[in-house]
Every structure is written in structure tokens, then in C-alpha cells.
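Peer 1: The listed protein sequences derive, respectively, from chains W and H.
For the first sequence, the residue numbers in the numbering used here are 1 to 277.
For the second sequence, the residue numbers in the numbering used here are 1 to 532.
Among the clues, some could well be false.
[Stated by the list, open to error] Not close to chain W: a few residues of chain H, all C-beta gaps over 12 Å, as computed:
1. S210
2. V376
3. R436
[To be verified] Taking CB as the label site, the calculated pair distances span:
4. F178(H) to P42(W): 55 to 61 Å
5. D120(W) to G284(H): 34 to 40 Å
6. N79(W) to G462(H): 53 to 59 Å
7. A23(W) to R345(H): 18 to 24 Å
8. A23(W) to P114(H): 39 to 45 Å
9. P199(W) to S221(H): 43 to 49 Å
10. T95(H) to P50(W): 29 to 35 Å
It should be emphasised that the hints constitute simulated quantities derived from the structure, not laboratory data.
Even for Gly, the Cβ is constructed at its ideal location relative to N, Cα and C.
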Amino acid sequence: MSKSALLLFALALFGCAPEQPQATDGCETLTDCQINQVCEVPTHTCIDEPENRFLGSFSCTIDDKEKLEPSQVIGHVENDRFSLPTALCSLQGEEDEIFTLLAFGYSAGDILQVRVPVKDLSDGNASIGLFLGTEGVSGASLENFDTYVGSGYSHEGTLTLSARPATGRLVTGYVDVTMYPTMNVRGVDDDAIFGIPCPRGRADCGEKLADVGGADSCFAALDTPMCSRPCDTDGDCSLGSGTCVQGRCTRPCTSSRDCVAPLTCIKGDPGESNGCY
Amino acid sequence: MRLRSFIACSALALGYLCVSNLAQAQNYRELPLGGRTATMGGAATAAGNDSAMPYLNPAGVAGIPGDIFAISATAYSYTRRSFKNYFYPNGTDPTWGYKLEHENFSTTSIFELPSSVMYMNHLSGKDAPIKHFVGFSLVIPSVRRLSIVASASGRLENLSGEAVQTSALTVDSTSYNFGPSYAVSLGERLRFGATLYAVYVRSVSSFARSDAFSLVSGSSSINQTVQNAQVAEALALAPTLGAQLRLASKVWAGVGVAVPSLRVGGRLRQSGEVVGLREDSTTGVPQSDAQTSTLDADYLRGDPLRINVGLAYEDRKRVSIAGDVIYFAPREIAELSGVQRSEQRRSGEVTRRFGRRVDRVAQNEGIVDFSLGAEVAMSPLVAIRAGAFSDLAATPKLSGTGDDETRLRLDRYGGTLGLGLTLGSFDTTLGAVLVRGDGDYGVLDAVVDGAVVPIHTTETTGMLILSGATTVEDAKRTIRATLPFKTPELPDLDGTSKAPTMPRIPAPLPPEDPPPVPALKRAPPPEPGSQP
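So that you can see chain W by itself, here it is in the shape it has in the complex:
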């Protein structure tokens, strides 16, 4: 019996097979990947959700604060996973010169905030760099405004937009940013750390947000960026056991040996302690 005859026999026995479903080859969006994977859009590849990295597509109408629009941004910081399925976009600054993406979780108040200068988006792509402070741009942060804890701050990445942002314009975008975690940097959960160098940016400055007394920036007052926040008195620096020297919270010192190199101990203004700068 020929093979074709056998096939005909099999077809007669089992009937014509229905049209086969198609396998999803690669991915175009997150929906093409199973849970616990994300779509790396440039390579059209589903990859396991990476550690200390956020990536995903989003869609939003600039400055439309009335509706939350879809986001597929997912990421991990240390052992925590964040799914951020909604997005808001806005233009900030006096001349709308900063594009801001806010990606939200459904609950628990976690927000990924990405800020880049609009001028950097002239070709649709902008770099995301080390997050230095809340006033900085070209950075990203993952913060929770229910607990006032910052989980992570950007190391580097990119933001891509389908069109130059303008108020009322619907844009689609894709963000991919690696993060430095703030938690357990030194084996302990530091609420606020003042007066130490911060080579990893704001992530080195403790987890509490500036709103509740934490560091607000990795600020280069002299030569070396250090963790600090504006202050009027030592009480403003109490969360991190710091001292207020020349308007910024820093680490109190009697000599440079008390400071983390290359910071040195400088003399405070009258009535102030000495502090590391």
C-alpha cells in the first residue's frame, strides 16, 4: 500500500483536520509573551523578566490627565516585581521642555517616572542616564507615594516615542531602562544617607523619599557628588542622622577621616557642625 493511500485512509478515518492554530513567532507586544516574560521589542524576542530592569511599550495622549492609557511596562528591582499596566504622559517645565512618562500599577502606589528633555526626542529616541535628583532630567525612578519609599533609580536606558510630544497628541512609545536598587545596598534598609559619595546616583542615598525627610539628590556641591537634601537646621537631616552644613544635609565630621573619600571634612558656618563635602 502506498503512503498516499495510507494517508487517504487516515484522512477518511479521522476526518479532515481543522485549520491548525498558528504559533506565535517572536513577539510584537507583551501579549505575545507568557506571564513572567516580557517582549524585547527591538529583537522581537520574549525574554524572562530581567532583574533590575524595566521595559515595555505604552500609549498615551500627552497631558490628558482624565484617562489612564495602556502600558505594558514590567520590571523587577531586586526581589520585587512591578507590573505597570497604565500610563500617563505630560509635558513639564515652564516651556513644556520635559517629557514625563508615569507608568502605574493597579494598586499599592508604585509609579515608574521617566523624564527626558523634549529636545532629545527630535529623532524619536532619547537616552536615559544615571538618576541624580528629583530635579534632574534624563532619568527614571520607581517610587511609591503611599509608603514614600524609592525602590530603584535609573542607571541607563532609552525612551522611544512615535512622534514629537505635543499637548493633545497621541503617541506610542517604548522604554527600556536598567535600574540601581536602593534597598539593601549595604545590607541594611537605610532610610536616608547623607554626606557620602553616590557613584550610583540617587540610589545610594537611602530609600525614603525627600517628602518625608529622605535624600533628594546625589548633588555635586564641590567636586564629588554626594547624597544630600536642602536644610535649614539639623532637624531637617535627622532621618539620616545628618547635620545641616551650608544649607545641605551631610555627614557630621571632626576631620576628613570621618568622611568617605574623596569627600573631606569642611568647617560649617557659625553655629553649624563641620560636615563632609
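Got chain W sorted already, so can you dock chain H onto it with the hints?
Peer 2: What follows is chain H alone, placed relative to chain W:
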């Protein structure tokens, strides 16, 4: 406390959907075949001649004394199984303070079906030196009915919680071999035979499991329900060749060879769902979690090379002894190729819809089984038979991968006892088979670590066998004797009998003489003066 994330469990559970078992044959000799063969432990390669022969050794068909119709049935089969640590194969975390309160476990199954049906017909005269035989048979060598229903409940004393778990599994798998056989005997010493079987395998299974945990006096709960169903059908062609040789006056040797079957086609369809409530690992917020999947795949299945060699001392008037060794070669026995479509939904997540190719192969291992049997003829009408056999698992040992969930692997050993009776025109066998299986079963440790753990299991099966065979001639005679009216002799199907007597049409009666015409009497003359 560590109650594992259920999504990993879900992935494993749906892994069962696409690959578990592949409707794969666990054992090749689950059902006793034939009548005399079944009660002699299945040892018939050398000198058997009942309805097991087209499957076991088609040369045995040439040893059948006349045109016969035979049927053998497993009239009743009862199986009882036991499993240890079904829900917590690795125990529970001592920090839970788990205390079992109630456990219910039922895993019995009952079935009945014909295991072999055969009609065989001589093509040659009884005195011809070379005799040819043809016939058709249906043989069911492998049947698996598996049914497990279990539940357990307990308290989590250290967590002020409760746990309730249920599980149900049903598997119904049957292999049908049907097709023609041809055999030839060359004198009184040598027989050859061949069978071409179409092998149709159908397997239906369903699985459901639920795990529910209530913690901290009900303030928190975790639960998950898994259910799925599968239907697999496959067709293959399996040629079998055989020979029997008389070595001495009462000593026979035989060999049967079933070549690796040609896999023709088949389909495997599955659908399943996992639904649960879990806690987000980062926020602790309860999340509903669900996944549905369907699979429609090409499914090929084929039996391996089988070589059975037998030796028998055959004295049907006194004592017969037979022994077989059966080798099943390793083979890629089942192959699955298709696309599984899945949809995953979780609160706080974008719904995922994707299709994944599923290409799986199931490999069976080579095994060697044995059969031993004996028959003592008490009188020309009564014989007592006994036997023993092995039915080792052909599937690989359970390795603890997701594919092994709900997979049963048993090495089985059995004993047979039977009575052969010749009652009128019927040759009847009444028999019993007891089979003991020992092996492993793969259970998902859904709570502790999500791994599939092989647990020890045993299986005890009792079967009641009823077999009958009658020659076509005897059957006709019995039918004639039973009918309430007389019939002419029925023609043989092979045309070797005398030409049937045509019904005699009564001859027309000879013409009879016409009845004499009565002579007309002359009318008397009218009376004068009368009117005409």
C-alpha cells in the same frame, strides 16, 4: 511559612496538558488474550491455536482443527490501587503545624469487554498435504482504566488556617488490533502465518485538582483549581509474522515477530484551565489568576518490534507445558506536533494570548517479559490450566519532570488459573487472572515546591475470563437441532460441501379424464292441448 507561588504550579499543571503521558502505552500485555492461552499465562507461541494466535503467532492459526468462530472476553475486571502521600509527597513544612483531619481515597476501576474475536476458515481439504487458512480477528491486547478520586482536609495550627484539597483523574485507553490473517501448514511439522493488523488506539483522560488554603482565621486565602481533558486517537499498521515447528512428536517451538508498526496518523486534542487566587509576591495584594489552553496536534503512535519465542510440550490428552519469552524493542513510540494556544489573565497584568509549538516525543524502553503455562487433561471433556506471566513497564522511570505528572509506571506480575470444558459443540474456558503491579506515580507537590514527585504505588487486578470457540460445522448442527422446524443442510462457505439440494418443485399432476358428461334424457312429448 512558605506557600509557594501558584503560578509556577499553573505552568506545571498546564504542562500536563500538552505532554503528560502522550497517551503512551505503559504496559504491552495488560489484557489476557484467547481462552486456553489466557489461562496458561499467555504462553502459546509454540503450540497455541486459539484466538490469541493471530496476534501472538499467526502460524498457530494453521493448527486450528476446523473452521471456527471464537470469542474471548474479560467478563469482569476489578482493580484496586494504593498511593502513599498523595497530596504531600514531600511532607509539609513543620512551621505550618499541619494536622490531617480527614482523608478520602478511592481508586478502584471495573471494566468488561471482549479481548479477542476470531473467525478462521480452511481453504484446503482436510487431507491436503499443504493446507491454507484465512481468517479475520479483533484483538485488544492493551486496556487501561484508571480512576482516582481523592480528597484531604486539615488544619494549619501554626497559621490559624485550614487546607482542603481534592483531586480526580480518569484515564480510559484501549488499543484495538483488527485485520486479516493467513496461515499455511506444510505437512504435520511446519506452520507459517502472517497477520496484518490495523491498530487503532483511543485514549481519553480528564484531570481536576483543587487546593484551597485559608489563613489567619480566614483573613487571607489562596486557592487554585486545575482541570483539563484530552482525547487522543491514532492509527497504525502492524504486520505480524510467525512460525511453528514440531521438533519431536510432542515438542513444538515457535516464533512470532511483530515488526515495528507503520504509523499512519492521528490527532490529539486537549483543553484545560487553571484558575486561582494568589498573593502578589511584592505587594501581598490578592490577585485572580487564570490560564486557559487548547492544543490540537498531530499525533503518531506505533508499537515497537516484538519478538516472542516459545517452546511447548504438547499432549492434549495428558499434560501440556509451554513457555514464552517476549522481547519488546525500544522505540520512539509516540510523537506529538502541534500548537498550544494559551490565554493568561491575572489582575494587574496585561492579558497574554500566544501560541507555542509543542513537539514532543515519547520513548519506550526495551523490555523482556515471560509467560509460563501448563494444562492437565482430567478427561476428554475437562482440563485444568495454570500459568504465570510478567508485564513490565516499557516507559522510562519517572524523573520528576513536569511531564511525569499523573504518569503511572508499574511492573506487573500475574498468575492465571482456568478450567477448559468441552460442552457439546462448544469449547469453553473459564478462568481467573490475578495481577499485582508495583511502581511509581507522579504527583504534583502543589504546595511545597511545585515539583513532580514519584510516589510509590501498588495495583491489584482480578479478572474473570470467559472464552468460547466452536467449529462452524458444529455451530450449524446445533442451530439445526435447535430450530423448531426441519431445514435442509446448510452450504459451507468455502464451497467444499456437496452442492445443496435444490428444493424439489412438485411435478404437475397428470391430466385426469374429464368427468363424464351426463347424458341428456329425451324430453317427453308434450301433452296434447298443452301450451308450449
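Peer 1: Would the non-interface assignment of R436(H) survive a Cβ cutoff of 12 Å against chain W?
Peer 2: holds, 37 Å
Peer 1: Please test the hint of 39 to 45 Å on the beta carbon pair from A23(W) and P114(H).
Peer 2: 42 Å Cβ-Cβ, so the 39 to 45 Å window holds.
Peer 1: With respect to the beta-carbon atoms only, verify the hint that T95(H) and P50(W) lie 29 to 35 Å apart.
Peer 2: Because 32 Å falls inside the window, the suggested range holds.
Peer 1: Return holds or violated for the Cβ distance of F178(H) and P42(W) against the range 55 to 61 Å.
Peer 2: For F178(H) and P42(W) the Cβ distance comes to about 57 Å; the hint holds.
Peer 1: Just to be sure I understand the hint, the distance between the Cβ atoms of D120(W) and G284(H) should be within 34 to 40 Å; is that true here?
Peer 2: Given range 34 to 40 Å: holds, Cβ gap about 38 Å.
Peer 1: Do the beta carbons of N79(W) and G462(H) sit within 53 to 59 Å of each other?
Peer 2: holds, 55 Å
Peer 1: Is 43 to 49 Å right for how far apart the beta carbons of P199(W) and S221(H) are?
Peer 2: Holds: the Cβ-Cβ distance is about 45 Å, inside 43 to 49 Å.
Peer 1: If we take the beta carbon of V376(H), is the closest beta carbon in chain W still more than 12 Å away?
Peer 2: Answer for V376(H): holds, closest chain W Cβ roughly 46 Å.
Peer 1: Beyond 12 Å from every chain W Cβ: check whether that's true for S210(H).
Peer 2: holds, 21 Å
Peer 1: Just tell me: holds or violated, for the beta carbon distance of A23(W) and R345(H) against 18 to 24 Å?
Peer 2: Given a distance of about 21 Å, which is inside 18 to 24 Å, the answer is holds.
The structure agrees with every numbered hint stated previously.
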